[in-house]
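Here are the chains, one letter per residue:
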Amino acid sequence: MSLRSPLSKVSYLGSAKAGFSHWWSQRVSAIAIALLGIWLLIEIIAWPNFSYSELMSWFQNPITAVLLILTIISVAYHSKLGIEVIVEDYVHNKGIKTMVLVSSTLIHLFLSALGIFSVFILFFGI
Amino acid sequence: MVTGKELEGALIFEQTMNKERPLSPHLQIYRLPLCALLSIFHRITGVILTLGFLVFVIWLYQLTDSDYPKEASVIFNGIFFKILLLGWAFAFFYHLGNGLRHLVWDAGKGFEKSQIELGGMIVIFATLILTAIYAFLVIF
Ligand code: HEM
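Here the protein sequences line up with chains A and B, keeping their order. Remember, my numbering sits 3 above the position in the first sequence when you count from 1. Remember, my numbering sits 19 above the position in the second sequence when you count from 1.
Chain A extracted, bound-state conformation:
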């Protein structure tokens, strides 16, 4: 049984907008970060002296580079979705809300590009 009225259906309103996919993506990215985050926390304590050269050789390991890139993508995605929910809860002015949401999306995109690019540079040691 559907609780949505015929009017809302023809006008594409109500629960079948992007809600499900938003919710689902937040869960999938959460599982990815749960694994990647634990990996990263373990790696950090595995640098015995926190030295510069130690750090650089860590970045030059391909597994490190790949997992870092995956971490950046999944955290950025999960964080973008999460901030969206928070903004929608507290910002009610439509114009301001749209502005904040667009800015948040662009900032998250920029941060992921910057992060991934930095990992490449550190890997190739340019």
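Hints are not guaranteed to be accurate.
[As the list claims (entries may be wrong)] Here are the computed lysine to any residue pairs in the SDA-like style, where the Cα-Cα straight-line distance is at most 25 Å:
| no. | chain 1 | residue 1 | chain 2 | residue 2 |
| --- | --- | --- | --- | --- |
| 1 | B | Lys101 | B | Lys128 |
| 2 | B | Lys101 | A | Leu58 |
| 3 | B | Lys128 | A | Leu38 |
| 4 | A | Lys97 | A | Ser107 |
| 5 | A | Lys100 | B | Arg62 |
If you're looking for bench data, these hints aren't it; they were derived computationally from the structure.
Given the coordinates of chain A, work out where chain B with the ligand should sit on it, guided by the hints.
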């Protein structure tokens, strides 16, 4: 016709109801139940982790700058970085634990009041224990 009684009622309503009253729940007075506290804390740690992500990316970018003093790149050896790292780990462990609780709920399980309270307690203890272990490993 408006009767005298209705007018009187409206007047009383004006005087008593139409004041600027705080809306319930009175957050300054009302003590939130554990469940509500844990819920808002999930949101707060989510925001803290987002800020942590921002710092992490800036740090990665800054490491690519070969002109940047090497000692400054390893600033995270200092106490300041360690405190930041532990703060981030604390937020992460809490958000992780409570996030897993969310996933259990999403599977349609664990909604009995006793299970909700037990789950909350487990998340609190797990966060404290994991943070303590991590602090030990980071410091020593
Ligand atoms: C650094 C990593 C992370 C960041 C930046 C982050 C950020 C956020 C933010 C901002 C929210 C929105 C909070 C809200 O709606 O109140 C959120 C929600 C959520 N997070 Fe995370 N999170 C991270 C890691 C994780 C992990 C490891 C899990 C593991 C299970 C997780 C599970 C969830 C879940 C299930 C929600 C949705 C909660 C709801 O529907 O109310 N997150 N996250």
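Each hint tested on the structure:
1. Distance hint between lysine 101 of chain B and lysine 128 of chain B is unfulfilled; the C-alpha atoms sit about 38 Å from each other, more than 25 Å.
2. Proposed proximity of lysine 101 of chain B and leucine 58 of chain A is supported: the alpha carbons are some 16 Å apart, at most 25 Å.
3. Proximity of lysine 128 of chain B to leucine 38 of chain A is assessed by CA-CA distance (about 23 Å); at most 25 Å being required, the pair is judged to hold.
4. Straight-line distance between C-alpha atoms of lysine 97 of chain A and serine 107 of chain A comes to about 15 Å, which keeps the hinted pair within the 25 Å bound.
5. For the given pair, lysine 100 of chain A sits about 18 Å from arginine 62 of chain B by alpha-carbon distance, which is consistent with the 25 Å threshold.
Consistency note: the structure conflicts with earlier hint 1 alone.
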